[in-house]
Amino acid sequence: DQQVKQNSPSLSVQEGRISILNCDYTNSMFDYFLWYKKYPAEGPTFLISISSIKDKNEDGRFTVFLNKSAKHLSLHIVPSQPGDSAVYFCVSPWAGNEKLTFGTGTRLTIIP
Amino acid sequence: DSGVTQTPKHLITATGQRVTLRCSPRSGDLSVYWYQQSLDQGLQFLIHYYNGEERAKGNILERFSAQQFPDLHSELNLSSLELGDSALYFCASSVGDDLPWYNSPLHFGNGTRLTVT
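Residue numbers (my numbering), protein chains in the order written: chain A, 1 to 112; chain B, 1001 to 1117.
In isolation and in its complexed conformation, chain A is listed as follows:
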């Protein structure tokens, strides 16, 4: 089974600075992860993903890093913008019978 944990329920970052959201996982057999972003009153939207064949995946201002030895991944947002204020979920698709396992998320607030 796979568990993903986002230990920081919230994070505040100044506009223009770097936001770093962290996620730990338990099972190294399942090294594939997705990040979803969720605004209030909306469903989650897919942001970026990474698999074990890469240590890094980049899409514009968003970069995800995978540290397989530490069972840790992080999402970097540079530069942070007010529109990035949302809840971010680290998600694993390999969680036994559960198609996607969502953590409780990290609420990111960008301060203008």
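Incorrect hints may have been included.
[Said to hold, decoys possible] Residues from chain B that keep clear of chain A, each with C-beta distances beyond 10 Å, as calculated: (1) F1045; (2) E1053; (3) N1077; (4) E1082.
[As the list claims (entries may be wrong)] Which chain B residues face chain A? A few, computed with CB under 10 Å, are given here: (5) L1088; (6) C1091; (7) A1092; (8) R1113.
[Stated by the list, open to error] DEER-style ranges, computed between Cβ atoms: (9) A:K68 with B:S1038: 29 to 39 Å; (10) A:R61 with B:S1038: 29 to 39 Å; (11) A:Y39 with B:H1073: 16 to 26 Å; (12) B:N1059 with A:S74: 22 to 32 Å; (13) A:P112 with B:E1054: 25 to 35 Å; (14) B:A1014 with A:V78: 46 to 56 Å; (15) A:N22 with B:S1038: 17 to 27 Å.
No lab work stands behind these hints: they were computed from the structure.
No residue lacks a Cβ here, since even glycine has one placed at the ideal position from N, Cα and C.
Based on these hints, arrange chain B on the given structure of chain A.
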């Protein structure tokens, strides 16, 4: 706009009642997933249908059931409702049958907020 439509947006009902939540997937998507998000919780996977067939079940209560119709829309039926069933219920769709890889991530609707009083 994800292209996934969920109705109704809000639903208020009493304990013991039965409700039906509806989901229309994106055009061309064959898979429909249902998730429950209770207050301050992550999203819990309930059930997955592909082209009318049930593919996987998560922690779905026996009081809950779902189906996917030939036109690919899906309904989630919740019966004998309890206060603890109050939550946001999300539907998501994807093109394929299997796990959402790079090219076919899940696309979520905006959810139905169910309040049981």
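Hints and how they fare:
At roughly 4 Å, the least C-beta separation between B:F1045 and chain A is not larger than 10 Å, which violates its mark as non-interface. No Cβ of chain A approaches the Cβ of B:E1053 within 10 Å, the least distance being about 14 Å, so the stated non-interface status holds. No beta-carbon of chain A comes within 10 Å of the beta-carbon of B:N1077; the shortest separation is about 20 Å. With a least beta-carbon separation of about 22 Å from chain A, B:E1082 lies farther than 10 Å from that chain, consistent with its non-interface assignment.
With a cut of 10 Å, the hint placing B:L1088 at the interface with chain A holds, because the nearest CB-to-CB distance is about 9 Å. Checking B:C1091 against chain A: minimum C-beta separation of about 8 Å stays under 10 Å; hint holds. With a least beta-carbon distance of about 7 Å to chain A, the hint placing B:A1092 at the interface is held under the 10 Å criterion. With its C-beta approaching chain A no nearer than about 9 Å, B:R1113 sits inside the 10 Å limit, and its interface hint holds.
Checked against the hint of 29 to 39 Å, the pair A:K68 and B:S1038 passes, with Cβ atoms roughly 32 Å apart. Roughly 32 Å separates the CB atoms of A:R61 and B:S1038, a value that falls within the hinted 29 to 39 Å. For A:Y39 and B:H1073, the Cβ-Cβ distance of about 25 Å falls inside the hinted range of 16 to 26 Å, so the restraint holds. As the Cβ distance of B:N1059 to A:S74 is approximately 28 Å, the hint placing it in 22 to 32 Å holds.
Between A:P112 and B:E1054 the Cβ separation comes to about 47 Å, which falls outside the hinted range of 25 to 35 Å. In this structure, B:A1014 and A:V78 meet the distance hint of 46 to 56 Å, their C-beta atoms being roughly 49 Å apart. Remark: the range hint 17 to 27 Å for A:N22 to B:S1038 is upheld by a beta-carbon distance near 24 Å.
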